[in-house]
Amino acid sequence: MKARKKSNWRAVIIAYLVAGAVVAAACVGAIGTAFREKLALGRAYGRFSQACAGGASRQELAEFARWADVEDVLLLDGQNQIRFSARGTMEGVLALEPADQQGKYLCDPARPGVYYHVIRSSVLRSLESMVEEDAHHEFEDEFFYLDGGAKKVYALHSLPNGNSGQRVFLIFSFAPVKHAQLLLRLTATAGTLFFMLYWALVALYVYRDAERHKLRGAIWGILALFTNLAGLLIYAVFKQLSFFCFKCQAVQNRGHVHCDNCGARLHGVCAACGKTIEHGAAFCPHCGKEQEPAEFSALFQ
Amino acid sequence: MDDERGLQDVLAVIDDEADRKCYTLQEQKKERRLGRYFSLLAAVFVLAPAGLVLYGVAWRAMLLPLAAGLGIAALLLSPVLFLSKGDTSK
Numbered sequence: 008m009k010a011r012k013k014s015n016w017r018a019v020i021i022a023y024l025v026a027g028a029v030v031a032a033a034c035v036g037a038i039g040t041a042f043r044e045k046l047a048l049g050r051a052y053g054r055f056s057q058a059c060a061g062g063a064s065r066q067e068l069a070e071f072a073r074w075a076d077v078e079d080v081l082l083l084d085g086q087n088q089i090r091f092s093a094r095g096t097m098e099g100v101l102a103l104e105p106a107d108q109q110g111k112y113l114c115d116p117a118r119p120g121v122y123y124h125v126i127r128s129s130v131l132r133s134l135e136s137m138v139e140e141d142a143h144h145e146f147e148d149e150f151f152y153l154d155g156g157a158k159k160v161y162a163l164h165s166l167p168n169g170n171s172g173q174r175v176f177l178i179f180s181f182a183p184v185k186h187a188q189l190l191l192r193l194t195a196t197a198g199t200l201f202f203m204l205y206w207a208l209v210a211l212y213v214y215r216d217a218e219r220h221k222l223r224g225a226i227w228g229i230l231a232l233f234t235n236l237a238g239l240l241i242y243a244v245f246k247q248l249s250f251f252c253f254k255c256q257a258v259q260n261r262g263h264v265h266c267d268n269c270g271a272r273l274h275g276v277c278a279a280c281g282k283t284i285e286h287g288a289a290f291c292p293h294c295g296k297e298q299e300p301a302e303f304s305a306l307f308q
Numbered sequence: 005m006d007d008e009r010g011l012q013d014v015l016a017v018i019d020d021e022a023d024r025k026c027y028t029l030q031e032q033k034k035e036r037r038l039g040r041y042f043s044l045l046a047a048v049f050v051l052a053p054a055g056l057v058l059y060g061v062a063w064r065a066m067l068l069p070l071a072a073g074l075g076i077a078a079l080l081l082s083p084v085l086f087l088s089k090g091d092t093s094k
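Taken in sequence, the protein lines are chains A and B.
Going left to right, the first sequence walks through residues 8 to 308 as the numbering used here numbers them.
Going left to right, the second sequence walks through residues 5 to 94 as the numbering used here numbers them.
The reader is advised that the hints may include incorrect statements.
Here are some chain A residues pointing at chain B (derived, C-beta under 10 Å) [as the list claims (entries may be wrong)]:
| id | residue |
| --- | --- |
| 1 | 83 |
| 2 | 85 |
| 3 | 87 |
| 4 | 89 |
| 5 | 198 |
| 6 | 214 |
| 7 | 228 |
| 8 | 241 |
No lab work stands behind these hints: they were computed from the structure.
Beta carbons are placed, not taken as given, at the ideal position from N, Cα and C, and that holds for glycine.
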């Protein structure tokens with residue numbers, strides 16, 4: 008009989024988990040490195056918004072304005088008069104009005120060619136737009152191509168500065184992260200690959216196990232490939248209800264005294280009626296004769 | 005006469021044996037073919053979604069067909085489970 012190489016599933020699972028952990032760590036590391044400035048900006052924004060909630064000083068506004076993506080930080084009073092510009096780019100009144108019919112963009116008539124796209128909730132929201140290399144120009148593409156271009160669109164976020172009645176305006180010009188899209192796509196691909204490897208491993212386990220039990224491995228494997236856990240469950244229930252040779256694991260008819268694959272003795276025979284009985288049965292299920300343990304053991308020698 | 009009958013018997017046995025062998029070989033061939041299909045399908049199952057994601061298809065777009073497929077599979081196979089549960093005969 009051809010010897011079948013036994014699968015070491017524990018080693019396979021450990022190798023799969025280790026490889027998965029290594030790839031996950033590499034992906035997280037690569038993304039963390041690529042996005043480190045954006046993540047730092049996000050954390051800085053968190054601290055800054057807390058400072059604003061308690062009333063931020065001009066020094067704090069100026070510190071936040073040092074971040075690479077921050078174009079300027081303005082402090083406006085109730086009449087939209089610019090009281091402070093961290094980078095000194097603007098002065099006077101900031102009178103914003105809708106620039107398009109949908110109200111997606113705002114403009115200041117005093118500053119022609121400059122448009123604002125409002126980020127309503129959080130700076131981190133805009134991380135998505137940083138991913139795409141093209142997203143940097145997304146606003147311009149969407150709205151200004153027909154207008155001949157040569158216009159600048161900034162992201163604008165405002166928050167109250169304590170209870171002073173003043174508002175802080177954050178003006179961003181997000182620079183895209185280099186190769187971010189490729190990096191995220193590769194990470195998603197690696198994740199998908201590992202998930203589908205798990206999927207295929209479940210099917211492979213069912214396939215190999217069915218082959219070991221002399222069942223039609225390919226049929227069971229394909230079933231598990233399409234149904235995954237449901238197929239595995241069905242296979243487990245099938246196995247639970249089936250009877251296998253203890254020696255070669257081939258599936259057997261329960262009435263067999265000997266295995267039809269390797270010839271190993273599967274059942275004993277009642278000394279009284281001569282019918283097959285289960286191993287370890289205290290009484291014969293056919294005639295009711297009590298089976299002597301010593302006599303019963305002798306049957307298997 | 006007896007020799008001829010004996011020969012016929014032997015031929016009949018050989019004929020049966022040849023048919024059996026043919027059937028066994030066909031079954032083995034079918035098994036090998038199914039095994040190859042299984043390997044091919046497993047490779048497709050692993051590589052196709054990963055390839056699609058690499059190509060640019062959002063992985064989130066695959067969640068719905070995946071969940072639907074699993075749900076339908078569980079639904080279709082559930083009668084087998086219920087039938088199996090009832091069968092506890094040894």
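For each hint, the structure was consulted:
| no. | hint | result |
| --- | --- | --- |
| 1 | 83 | 40 Å, violated |
| 2 | 85 | 44 Å, violated |
| 3 | 87 | 41 Å, violated |
| 4 | 89 | 42 Å, violated |
| 5 | 198 | 7 Å, holds |
| 6 | 214 | 6 Å, holds |
| 7 | 228 | 5 Å, holds |
| 8 | 241 | 5 Å, holds |
The structure fails to meet hints 1, 2, 3 and 4 from the earlier list, while all remaining hints are met.
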